[in-house]
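Going by numbering that gives the first Met the number 0, the first residue of the sequence shown is number 0, and it counts up by one from there.
Be aware that one or more of the hints could be misleading.
Each pair of labels, with its calculated beta carbon distance range [unchecked claim]: (1) Asp87 / Pro150: 37 to 47 Å; (2) Arg67 / Gly38: 19 to 29 Å; (3) Val91 / Glu11: 54 to 64 Å; (4) Ala131 / Arg85: 24 to 34 Å; (5) Lys121 / Glu148: 26 to 36 Å; (6) Thr13 / Ser46: 16 to 26 Å; (7) Arg71 / Ala99: 40 to 50 Å; (8) Asp117 / Phe39: 46 to 56 Å; (9) Gln116 / Ala88: 19 to 29 Å.
Since the hints were derived computationally from the structure, they do not count as laboratory data.
Even for Gly, the Cβ is constructed at its ideal location relative to N, Cα and C.
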Amino acid sequence: MAFFIADGREVEATQPGIQSVTTTCGRCGGDGVYSRFHGFCYACTGSGHVTKQRRVYTAEQLAAYQARLEQRREAKRAERQARQERVDAQRVERAEQFLAQHAGLREALATEHRITQDIAAKLAYWGELTPAQIALAHRIAADVASRAEAPAVPE
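Please construct the entire structure, taking both the sequences and the accompanying hints into account.
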C-alpha cells in the first residue's frame, strides 16, 4: 500500500497517521550544499534529507484531504470576491452621491484632459474629492472650453 504526505509526495511508511518521515531537503533540493558561498546546508546538515514528524495519508485519505482544502480555498475565493463586489458598489454609490452634491463636477470631469481623467479615477476609487481637486477640475474644464472657443491663430 502506498502512503503520501500532504503535498502529494509518496513516502515509505507502514500505516497512516503522524510518523517520522524522511523527505528531500526543501532548502538545498537534496544536494546537501546550499550554495557555493555558504557551504553545506544548515537545514539538513549536508545530508540532503530531512526527517520530520508529518501526517501520512493513504491515497483515499489524501484525495479527501485535498478535496476539503479545495473547498476551503473556493469558499475563501467566493468570500473575497463578494467582499470586493460590495466595496465596489459602495464606492460607486459614494461617488454618485458626491457628484449629486457638487453641481457641474460631472461635466468638469468629463473633459478630455489627463488630469481630469486622473481626478475622475480618484473619485471612482475614494468616493470623494478634496476641495482643491474640485477647483482644479473646474479650472481645467474652463480652460479647455475657452481654448475650444478661441479662434485659430493664422501662421
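Range agreement (Cβ of Ser46 with Cβ of Thr13, hint 16 to 26 Å): holds (23 Å)
Beta-carbon spacing of Arg67 to Gly38 - inside the hinted bounds 19 to 29 Å or not: violated (42 Å)
Pairwise beta carbon distance, Lys121 to Glu148, judged against the given window 26 to 36 Å: holds (28 Å)
C-beta pair Asp117, Phe39: status relative to the range 46 to 56 Å that was hinted: holds (55 Å)
Range hint compliance [Cβ, Val91 to Glu11, 54 to 64 Å]: holds (58 Å)
Beta-carbon spacing of Asp87 to Pro150 - inside the hinted bounds 37 to 47 Å or not: Given a distance of about 45 Å, which is inside 37 to 47 Å, the answer is holds.
Ala131 paired with Arg85, Cβ distance criterion 24 to 34 Å: holds (30 Å)
Hint check for Ala88 and Gln116 - Cβ pair distance inside 19 to 29 Å: Holds, since Gln116 and Ala88 (Cβ atoms, about 23 Å apart) stay within the stated range.
Arg71 versus Ala99 beta-carbon gap, inside 40 to 50 Å or not: For Ala99 against Arg71, whose Cβ atoms are near 42 Å apart, the range 40 to 50 Å holds.
Comparing the model with each earlier hint shows a violation of hint 2 alone; every other hint is respected.
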